[in-house]
Amino acid sequence: MNTSQVDPATGLTFRTTPPEREDRLILSDAEWKKKLTPEQYKILRNHGTEPAFCGVNLESKGEGAYHCVGCDLPLFNATEKFDSGSGWPSYTSPFNKNNLWYRQDTSYGMRRIEVLCARCDGHLGHVFEDGPPPTGLRYCINGTILKFKPKEKATS
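Taken in order, the sequence shown gives residues 0 to 155; the numbers are from numbering that gives the first Met the number 0.
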């Protein structure tokens with residue numbers, strides 16, 4: 000049974016189970032290990048964190064979107080990316096609010112909001128309340144689990 004609760008500070012809805020999706024991607028552990036690099040697997044499937052200032056996509060720029068390496072779901076628009084100085088790619092809002100889900104993370108004696116992919120349930124990072132306007136949120140995401148897809152140019 001899923002229970003949900005709205006965080007009063009951020010307005011985000013915490014869940015105990017992922018949202019229902021027709022396009023959910025469910026793979027065995029062996030299939031995930033075959034599909035992902037060891038570092039991607041550690042982060043996406045085992046809730047790991049890449050070292051600060053070391054991940055891919057930290058300084059990437061351009062028009063397009065960042066997709067989940069596990070299932071190719073678009074997660075963040077490049078226009079929402081900003082330099083937070085944290086050492087991880089940071090975004091002010093998601094590509095589509097239905098592409099992410101959130102749960103409380105009380106590991107390591109902290110209270111944080113974990114961000115997960117809504118299609119494959121992969122761990123992406125955390126969201127904090129110290130971002131710039133207009134949202135005031137900072138989605139702090141592991142760059143290793145993102146793949147950038149440039150916006151396609153219109154052809155005539």
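The set of hints was computed from the structure by calculation and includes no laboratory data.
As the structure is a computational prediction, the values presented were derived from the model and not from experiment.
Errors might be hidden in some of the hints.
Each computed DSBU-like pair below joins lysine-lysine, with the alpha-carbon atoms no more than 35 Å apart [claimed, not checked]: (1) Lys34 to Lys96; (2) Lys96 to Lys41; (3) Lys150 to Lys33; (4) Lys150 to Lys32; (5) Lys32 to Lys146; (6) Lys60 to Lys33; (7) Lys148 to Lys32; (8) Lys33 to Lys146; (9) Lys32 to Lys96; (10) Lys96 to Lys150; (11) Lys34 to Lys150; (12) Lys60 to Lys150; (13) Lys34 to Lys148; (14) Lys148 to Lys60.
Numbers of the earlier hints that this structure fails to satisfy, in rising order: none
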